[in-house]
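J.: Chain by chain, the residues:
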Amino acid sequence: MSVAPLLEVDRVTMRFGGLVANEDVSFAVQPGQVFAVIGPNGAGKTTMFNAITGVYQPSSGEVRFQGKVVRKSFAARLLLRVGGTAIAAAISCMLAVNAVALWKAVIVANYVYGEPFLWGKAIGCIGPALSQVGALWTWGSASVGALLGGGGAFVLWLRTRRTPDVVAAAGIARTFQNIRLFGELSVLENVLVGMHGRLRTSYFTNLLRLPAYWREHADSDARAMELLRFVGLDARAHDAARNLPYGLQRRLEIARALASRPRLLLLDEPAAGMNPTETVALMELIRRIRDTGVTVLLIEHHMRVVMGVSDRICVLNFGKRIAEGTPEQIRNDPACIEAYLGKEELG
Amino acid sequence: MLLLAAAVVLGIIDGPLKLGLVDPMRGVLIFALLGLGLNIVTGFTGLLHLGMAAFMAIGAYAFAISTCDIYPFQLGFWPALGVTAVAGALAGFLLGAPTLGLRGDYLAIVTLGFGEIAQDVLKNLDAITKGTQGINPLPPPSLPLFGEFGSSPAPWYWLFLAITVLAVFACRNLERSRTGRAWLAVREDELAASCMGIAPIPVKMYAFATGAALAAIAGGMWASLYASTGEPGNYDFQISILALCIVIVGGMGSINGVLVGALAMIGVANIALPKLASWLQQKGVVNASNVLGSPNNWKYLVFGLVLVVMMRVRPDGLLPARLERRKAGGSA
Amino acid sequence: MQNRLLASIASLAIASIALAQGSLKIVSSLPRTGSANAQTTSMVNGIKMAIDEVGGKVDGMAIEYEDMDDASPQRGNWDPAVEAQNANKALADEKVIGYIGTYNSGAAKISMPVLNKAGLVMISPGNTYPGLTKPGTGEANEPRIYRPSGKINYFRVVPTDDLQGTVAADWTKEMGCKTVYLLDDRELYGKGIADVFEKHAKEIGLKVLGREGIDSKASNYKALANKIKAAKPDLVYYGGTTQTNAGQIAKDLRSVGVEAKFMVPDGCFEKAFIEAAGAANLNGKTFVTFGGLPADQLTGRGAEFRKAYMAKYNTDPEAYALYGYECGRVLLDAIKRAKTKDRAAILAAVAATKDFDGALGTWSFDANGDTTSKIMSGQTVENGDFKFVKVLGK
Amino acid sequence: MHILHHLAAAVPLALAASTDAPEAASWVDPLLQQLVTGLSNGMIIALIAIGYTMVYGIIELINFAHGDLCTLGAFLALTIAGALGVEAWGGLGGASGVVILLLASAVFCAGLNWTIDYVVYRPLRNAPKLTLLVSAIGCSFILVNVALFWGGLPMGVFGGGVAAAAPKDFPGLVSDDNLLPAAWHVTFTASDLLVVSVTLPLMVALTVLVRYTKLGKAMRAVAQNPTAASLMGIDVDRVIGSTFLIGGALGGFASVIYALYNNTISFQMGYRTGMDAFTAAVLGGIGSMPGAVVGGLVIGLVRALSDGYLEARWTNSVVFGILILTLVFRPSGLLGAKLRDKV
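Chains as they are written, first to last, in this note's numbering: chain A, 1 to 347; chain B, 1 to 332; chain C, 1 to 394; chain D, 1 to 343.
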């Protein structure tokens with residue numbers, strides 16, 4: 001345990017109303033490992049994944065990635081945004097409330113039909129007009145606006161502090177138990193969407209197709225094809241994702257997840273519904289992923305896969321952690337055998 | 001491309017052949033633009049939007065106020081159109097900021113409500129908007145490139161065609177870029193998208209603002225064409241519904257689809273039906289003494305039937321999007 | 001699908017060209033689809049009567065008539081696109097020598113400049129917004145902006161809001177009312193006339209207790225009526241039309257027990273209003289102003305028209321029918337005098353209309369293109385029908 | 001029993017409050033009056049809103065044609081009233097006349113709604129949702145036109161059909177006389193009573209139906225998950241059909257109540273009533289019937305109070321402003337179920 005763990009799940013509890021899906025579960029994933037979480041159905045494995053990826057917020061306990069909880073930091077940008085919104089809202093509220101009065105005083109009063117309009121004079125009228133409306137209205141509306149705007153911006157920030165996109169941006173990517181590809185998009189596009197966080201071109205660059213767009217376009221496509229080759233899908237790059245056979249869809253999900261260049265990859269039952277040959281290929285793929293330096297956190301029922309690829313295994317049962325260790329240790333752990341492994345192995 | 005060619009050909013042959021189609025086609029182009037705007041929100045991003053008319057209205061009034069000579073601004077056509085687009089985008093942001101967290105039809109009703117509110121505001125702030133009188137006249141654009149903007153419809157047609165082509169390219173550029181892929185991803189599966197590092201709300205915000213800007217431009221063109229904003233009542237719920245029909249009939253998320261949809265909808269409502277009505281009158285099939293007699297009384301029925309039948313024959317629209325499959329569309 | 005659609009459009013287009021040979025043609029552009037249908041039907045009937053009357057011929061030249069719709073189904077109301085289209089269509093068809101329309105002043109703002117440039121005569125049976133013709137009554141740039149050619153091609157046979165609103169306020173005072181409550185439908189016609197009423201009412205010392213703009217699509221106005229009841233006005237004036245729910249308002253005022261009198265402008269001077277409101281709610285307490293004399297007071301021309309109309313449609317002609325009829329006759333009369341198919345000549349002839357023996361009395365067009373007839377009549381409603389009370393204004 | 005709950009609250013409130021009116025301050029009476037008005041309007045909206053919410057709950061379709069369906073119901077009622085001369089019956093006869101109208105229109109609307117579903121929507125079950133939406137819009141246009149023609153019938157009640165498009169007067173079969181002693185300063189008319197006495201039982205009956213009958217259970221099952229439901233041997237199309245049937249029937253009742261309460265019908269009345277009802281359904285949490293009722297009442301009240309105490313010209317803005325604010329803070333409506341992503 002010399003190296004600092006990449007991911008620490010520290011006494012995480014997940015409650016939904018009365019139901020407790022995880023009860024202070026803890027484990028640590030070392031960088032470079034393939035770490036498997038196993039357990040019978042309903043043991044709370046997927047819930048754990050959701051807690052890690054920010055789909056749910058832990059009821060208690062925390063998830064640390066590279067030593068700290070993944071969260072939007074309380075940075076200057078936040079203050080800037082909140083302040084900015086507040087001011088903008090304040091001004092727009094003030095204008096909204098005084099719209100008619102201002103218009104009359106500034107525009108109507110200074111514009112004689114058919115004659116040139118004196119901007120300087122007009123702008124000069126804004127101040128008096130406002131004061132004429134009355135401080136209460138003007139500043140009242142302004143402060144209400146500021147409150148709503150600033151408050152709103154802050155609340156929004158709070159709410160989105162640890163949403164999946166933030167977690168993903170930090171370097172954790174995942175696949176889904178029930179495959180969730182973008183069915184109408186092509187295989188290639190799915191991977192490109194995965195790259196979203198890594199791409200930089202702005203809205204207007206894309207709108208106007210500035211040089212930056214073309215540059216990025218070229219190498220993002222190249223990298224996407226590379227990934228597809230890596231998972232063996234390059235031939236199907238331009239099919240609609242929903243037309244892929246099941247096994248390939250799982251591979252595409254993996255490619256899509258890898259596209260974000262994660263430090264940690266969460267695979268949720270990647271072997272589910274695969275035939276033996278596909279399974280072997282999958283194990284092979286997982287190893288190759290680990291060899292590229294990506295740490296893998298794996299949920300799997302399929303014991304051959306689990307025992308075959310993982311360096312370390314954590315066993316959940318009824319939401320509690322009942323054991324953790326190397327495959328050998330788990331294989332010989334009475335609790336696990338009794339809880340879970342026994343029948344699997346014999347069967 | 002093919003559509004563009006067709007449009008150009010029509011523009012050329014219309015005059016000599018006296019088809020008289022270029023005139024109504026200008027309306028089609030305006031609504032095509034409105035449709036393109038809605039297509040970004042509903043077609044690409046999958047947000048049901050029932051308030052497009054509001055943004056069209058905002059556009060029309062922004063354009064009118066910045067060009068009409070009863071106001072001091074009196075900008076030229078392009079600058080005014082720029083102002084219009086910005087105004088639309090801003091409005092989009094204002095509406096979107098607090099509400100884009102909402103799901104499917106809840107967002108839909110919010111947009112619907114915004115449409116109603118916008119109308120009330122335009123009607124009631126008559127000190128600024130001239131209320132029910134509408135703002136007029138707007139000076140005809142002076143763009144020698146397109147010719148003399150007088151009573152002849154041709155220059156308008158070419159101008160609007162140009163704007164529409166630009167808009168189409170803009171939409172296509174966005175669709176096939178990081179921005180557009182994010183929109184499509186959010187439409188397909190919002191949660192999966194966010195797990196890929198896409199923050200849904202800002203992404204939707206861009207879609208909303210873009211759509212609003214396009215709708216606003218459509219409004220600006222409209223006002224400029226009729227040299228008047230008309231009355232606020234001209235931008236009511238019916239227009240939002242029409243826009244929706246254009247997008248769905250054309251084919252959700254398909255740019256060409258929208259163009260065809262606009263042609264179909266406005267074609268039926270503003271070209272085919274009037275011609276049919278006047279033709280029947282020429283044939284003397286009119287008996288005003290009872291309500292069934294006048295062809296004009298059948299328009300609702302025909303329009304409705306057209307919608308129902310089209311949806312029955314082509315549930316995915318006339319030109320479904322590139323990879324559009326069944327079940328693709330869907331708001332909630 | 002869409003090809004078939006294009007095809008049909010094309011074929012129709014060709015069909016309409018094929019018909020482009022023949023004689024003179026009068027077109028009307030009125031909202032035929034949607035809520036104004038009832039009123040415009042009367043107008044069209046009136047126009048048809050005028051043409052039938054001369055046997056569809058003016059010294060040898062056969063008169064065609066087309067009833068164009070400036071509303072569209074998706075709008076259910078007048079549609080700027082369609083109105084503009086109609087104007088251009090009329091111009092494109094060289095047989096067309098007269099354009100009767102529009103019903104909505106808003107629509108007129110769209111088509112007036114278009115027709116003016118081409119010098120095609122336009123006669124409106126329904127526009128009452130003063131700014132269309134009278135300098136100084138509307139925006140600074142009105143009516144100049146509707147006459148880009150500088151000439152006048154737009155005429156109307158209806159008296160404008162500024163007359164009617166004033167007369168209405170005066171009448172209110174004559175009836176001994178001290179306080180009024182104003183409502184309007186927030187549309188060009190209704191709001192305009194209510195504004196005039198309010199302005200004049202204040203001048204002549206009537207107390208305006210309140211002013212509300214209603215939502216003409218609301219299902220009822222009971223809440224508003226409660227509010228009015230509490231204000232206890234002597235008279236409630238509604239600037240609006242049957243189609244903007246005047247009937248419902250009358251009803252709700254009565255149903256919550258507002259005792260005040262109720263006055264409406266000529267937009268409600270039609271049977272449909274009484275039917276919508278229910279006679280019981282109007283009898284005795286309702287007053288309607290109208291430009292010109294009601295059918296049953298008509299003499300000469302008007303009386304004949306009424307007889308003919310009743311014979312044909314077995315109902316008394318509405319105000320709108322009268323207006324439509326008058327438009328038609330003025331135009332035909334001008335053609336007769338001009339003795340040509342030339343638009344300019346006919347325009348000149350219309351402008352020259354003097355002491356015209358019309359259904360609305362004897363009148364001329366003034367320099368602005370307005371009718372000189374300033375006759376306003378006041379009606380009340382008794383046992384389910386309008387009853388002429390007196391001639392208003394001088 | 002949500003529905004009972006919310007409505008039971010409503011009526012006594014109006015009555016009870018009015019009892020202590022005499023010694024109350026002068027501003028109380030108008031306020032109470034506005035509340036009565038608001039609630040009566042609200043209940044009508046609610047009744048229509050249920051039609052929306054039921055259909056939405058089961059096939060996620062915003063049934064734009066529903067408002068116009070009610071229009072036709074009202075026109076049928078007027079036709080029958082005219083044909084039978086119900087107006088003249090008076091007294092008990094008048095009451096029975098009302099019952100006849102209610103039933104006739106309910107049956108008619110139910111049948112029509114079912115037919116529309118069968119002819120238009122059923123073939124599109126697997127089509128994108130918005131395709132369905134546009135078909136619904138199409139139907140709405142068609143129904144409006146039918147109503148226009150209907151108004152052209154050469155009957156006395158339609159003014160001889162001369163002015164087809166004009167609003168039609170609906171005979172005041174139910175009086176607007178105050179039922180409360182004058183001393184109470186608040187009028188609660190027979191038509192207010194009618195609204196309450198028809199709407200409440202209907203809502204109760206509906207709640208019972210949805211919660212305790214086999215059909216009701218089937219409906220909820222289909223709403224939850226059509227595929228699963230059909231696997232359980234539920235005939236999904238039949239269930240959906242009967243949903244339209246019931247929604248239509250409610251629409252029919254609503255249309256007659258509407259006509260008797262407002263005494264005017266017009267071929268375009270479906271537009272605003274429909275929009276109000278749809279708004280109500282969403283405000284309450286679309287798919288939830290108690291929600292629809294609460295939403296309807298809220299909108300009715302807000303409209304009345306805004307008309308009464310603010311400016312009528314801003315009423316629409318107020319209604320939708322409140323709607324938007326509500327949704328910002330309660331993203332799934334007042335009583336809507338909170339949704340959670342299933343991953």
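Please keep in mind that the hints were generated in silico from the structure rather than gathered at the bench.
Mixed in with the good hints, there may be bad ones.
Stated by the list, open to error - Within a straight-line C-alpha distance of at most 35 Å, the following computed DSBU-like cross-link-like pairs (lysine-lysine) qualify:
{"no.": "1", "chain 1": "B", "residue 1": "Lys-18", "chain 2": "C", "residue 2": "Lys-312"}
{"no.": "2", "chain 1": "B", "residue 1": "Lys-283", "chain 2": "C", "residue 2": "Lys-134"}
{"no.": "3", "chain 1": "C", "residue 1": "Lys-134", "chain 2": "C", "residue 2": "Lys-25"}
{"no.": "4", "chain 1": "B", "residue 1": "Lys-283", "chain 2": "C", "residue 2": "Lys-336"}
{"no.": "5", "chain 1": "B", "residue 1": "Lys-283", "chain 2": "C", "residue 2": "Lys-387"}
J.: All the hints need checking, so say for each whether the structure fits it.
T.: Here is what the structure says about each hint:
Distance restraint check for Lys-18 (chain B) and Lys-312 (chain C): the Cα-Cα separation of roughly 39 Å exceeds the 35 Å cut-off, and the hinted pair is therefore not satisfied. A threshold of 35 Å between alpha carbons decides the hint, and for Lys-283 (chain B) with Lys-134 (chain C) the separation of about 41 Å lies outside it, so the pair is violated. Between the alpha carbons of Lys-134 (chain C) and Lys-25 (chain C) the distance comes to roughly 29 Å, so the proposed pair stays at or under 35 Å and holds. The straight-line distance between the Cα atoms of Lys-283 (chain B) and Lys-336 (chain C) is roughly 27 Å, inside the 35 Å bound, and the hint therefore holds.
Pair hint Lys-283 (chain B) plus Lys-387 (chain C) does not hold up; C-alpha atoms about 41 Å apart against a cutoff of 35 Å.
Violation of the numbered hints given earlier is confined to hints 1, 2 and 5; the remaining hints are satisfied by the structure.
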